[in-house]
Amino acid sequence: MKGHMKKILLPLLIVLLISLPFVVKSQYFLSLMITLFIYVILAESWNLLGGYTGQVSLGHGAFFGVGALVTRLLWINKVPILLSLPLGGFAATLLAAIVGIPCFRMRLAYFPIGTLALSMIALLTVSNLFIAAGALSPELLRSYEIFSRYYIALFIVLLTIIVIYYLVRSRPGLAIVAIRDNEKAAAAIGIKTLKYKTLALLISTFLAGLAGGVYAYQHVSYYYDAPFDLAWSFTPPMTTFIGGISTMAGPIVGSICFLALSEIFAVTLGEVHVLIFGFCFILIVLFLPGGLLSIKAGSHSNKSKMRKVKTWFL
Amino acid sequence: MLQTLAYGVLNGSLYGIIALGISLVFGVMRYLNIAHGSLIILGSYGALYLFYLGLDPFLSIPIVMISLFIAGIILFRLLYSNFVSLAEGSRIQKSLLVSFGLMLVIEHGATLIWTSDEKSINPSYSGMSFEVFKDFHVPLIGLTGGILAIIVILALHLFFSRTYFGKSVIAVSQDPEAASLMGVNVKRAFLISFGLSVCLGAVPSILVGLQAFSPSAGIAWFNKGIIVVMLGGLGNIYGVFPAGLFLGVVEAISVFFFGAPYREITGLVIFVLVLILFPRGLFGRIPE
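Going down the list, the protein sequences come from chains A and B. Residues 1 to 314 in the working numbering are what the first sequence lists, from first letter to last. Residues 1 to 288 in the working numbering are what the second sequence lists, from first letter to last.
Mixed in with the good hints there might be a few duds.
Stated by the list, open to error - Over 10 Å on every C-beta distance to chain A, these chain B residues come out as not near it, computed from the model:
no., residue
1, Y52
2, P123
3, S126
4, A155
5, L181
6, M230
7, L268
8, I276
To be verified - Calculated cross-link-like contacts (lysine to aspartate or glutamate; reagent style EDC-like; alpha-carbon spacing at most 16 Å):
no., chain 1, residue 1, chain 2, residue 2
9, B, K94, A, D181
10, A, K195, A, E183
11, A, K25, A, E145
12, A, K184, B, D175
13, A, K184, A, E139
14, B, K187, B, D175
Calculated directly from the structure, the hints in this document are not laboratory data. Note that the Cβ used here is the ideal one computed from N, Cα and C, for glycine as well.
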């Protein structure tokens with residue numbers, strides 16, 4: 001029955017999203033939706049690496065930022081946006097190939113720390129090299145409208161979800177999950193672990209670069225180091241864990257909650273929504289490794305979780 | 001040039017002692033504590049309040065030390081004690097994630113309470129320096145910080161090599177199972193080493209407080225610390241301090257040649273290069 005519901009609901013949802021700009025005319029709401037799409041692309045691409053491959057990256061913002069930077073520079077210099085976007089994605093992939101693969105060769109915690117360092121290098125370098133804000137030229141500004149941005153963002157979200165959905169159900173995807181669960185055993189049955197981990201890394205960073213491209217296309221004017229901000233590295237793991245890691249819907253649920261909270265607290269000083277999400281993140285890592293989506297799963301497991309909470313202080 | 005090197009060494013001793021705290025938890029219990037830098041910043045805020053009450057920053061070190069130790073014990077009880085029995089790989093992963101959340105909570109909580117403005121502790125002697133010979137100055141605060149760092153490291157070394165409890169902690173770091181068979185209380189050893197690691201943040205708290213700090217500086221200091229830890233070799237406590245000095249000196253030299261904006265970048269680039277060329281660190285071997 002559940003499968004039937006999905007078959008009806010999913011196309012309905014897609015039709016709804018496609019027709020949204022014709023129903024809702026508010027520019028503000030549409031641009032909020034684009035921001036949501038960016039969060040979802042980034043979180044899904046992080047999930048491919050952190051959830052399915054088991055390689056927690058704390059520097060996804062670097063790939064996002066490189067995608068944004070390259071797309072923006074090409075687009076401003078009159079390369080059509082449909083070409084600049086994939087080029088931005090490839091730039092992010094290139095960066096990942098240079099820095100990420102050496103990190104994979106080592107055990108222990110090198111990958112999270114290496115990516116964290118990478119995102120800091122990128123942030124500092126870009127904020128030193130590009131001091132001025134990147135505003136649009138007058139002719140680009142005159143032709144600015146929100147519809148094309150909305151549809152490009154929507155297209156990339158759907159592309160991301162379809163690619164990851166079919167990837168994790170394919171033969172390489174199964175190999176990737178096997179590596180996460182037990183790398184030594186996977187290597188023992190003949191899976192080339194480095195090859196498949198690299199594949200996941202390259203696809204994931206390409207998608208993150210596309211998300212950056214959408215950001216660059218959406219915003220009229222921003223400082224070039226804004227998409228390199230560490231918040232872009234820290235948000236995807238948070239939203240993914242809170243929604244439900246290693247699931248397709250988890251990053252989407254998490255991103256919606258995150259954006260809703262950030263809108264509610266938009267007028268308060270500081271970033272209360274990150275504070276709340278940080279708390280939830282700790283609680284979920286400790287007690288609910290499946291995230292919000294796993295709450296419904298069964299009353300028995302919920303009882304054992306309650307017991308775990310009770311014994312927490314003992 | 002000599003002046004630059006002196007600043008490098010003094011900065012490096014600060015890096016070394018920050019890295020020591022991170023290395024201690026990693027070496028003994030395979031925990032990665034991303035919130036270490038944020039806890040140091042909390043200590044700085046504590047020292048700032050004590051300074052407003054009229055206490056000299058260097059005299060407030062014992063108070064900050066004790067409160068950080070207690071904070072470390074409480075945090076371990078609340079957040080980290082569940083992972084003690086996990087396998088090594090998932091212990092790293094889980095502690096990394098939990099401390100990541102903790103880092104965000106501390107950073108944004110501190111922003112709410114103290115705003116994101118940069119603050120610093122300014123005692124009357126903050127700019128003073130000795131002139132050792134012509135054109136060669138040694139800043140008073142940096143020198144005191146370096147001496148304190150050396151004292152703390154010697155104390156830690158004596159603790160691990162001379163006391164019974166310190167030796168039992170070393171035993172746990174080598175083989176927790178065998179240590180527990182010999183009658184060592186592994187959970188208590190973990191608890192105390194985590195408290196000690198956070199408590200090692202007290203001296204950096206004061207030194208960072210005397211420079212400048214803001215809630216978001218925590219992750220940057222952690223990053224400095226973890227770079228030094230990896231330069232020294234992950235889990236190798238004795239490689240950490242030389243690696244800190246090395247990073248400090250290299251940064252100082254890079255400021256001399258490329259200018260101040262690229263100081264941080266040099267450190268990070270060296271880190272990535274070492275990661276690729278010497279995966280086991282400059283001074284190290286990973287005890288397996």
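A quick look at each hint next to the structure:
Under the 10 Å C-beta cut-off, the non-interface status given to B:Y52 relative to chain A holds; the minimum distance is some 22 Å. In this structure B:P123 is separated from chain A by more than 10 Å, as the shortest Cβ-Cβ distance comes to about 29 Å. In this structure B:S126 is separated from chain A by more than 10 Å, as the shortest Cβ-Cβ distance comes to about 27 Å. Separation of B:A155 from chain A is adequate, the least Cβ-Cβ distance of about 28 Å exceeding the 10 Å criterion.
Taking the minimum C-beta to C-beta distance to chain A, about 25 Å, the non-interface status of B:L181 holds against the 10 Å cut. A beta-carbon of chain A is positioned within 10 Å of the beta-carbon of B:M230; the least distance is around 7 Å. B:L268, annotated as away from the interface, has a beta carbon of chain A within 10 Å; the closest lies near 4 Å. Once the 10 Å rule is applied to beta carbons, B:I276 is inconsistent with being away from chain A; the minimum gap is 4 Å.
At most 16 Å may separate the alpha-carbon atoms for a hinted pair to count; B:K94 and A:D181 meet this at roughly 15 Å. The straight-line distance between the Cα atoms of A:K195 and A:E183 is roughly 13 Å, inside the 16 Å bound, and the hint therefore holds. Taken as a hint, the A:K25 and A:E145 pair is honoured in the structure, with Cα atoms around 12 Å apart against an allowance of 16 Å. Distance restraint check for A:K184 and B:D175: the Cα-Cα separation of roughly 22 Å exceeds the 16 Å cut-off, and the hinted pair is therefore not satisfied.
The suggested pairing of A:K184 with A:E139 is violated, with an alpha-carbon distance near 57 Å, which exceeds 16 Å. Of the pairs offered as hints, the one joining B:K187 and B:D175 holds, with about 13 Å between alpha carbons and a cut-off of 16 Å not exceeded.
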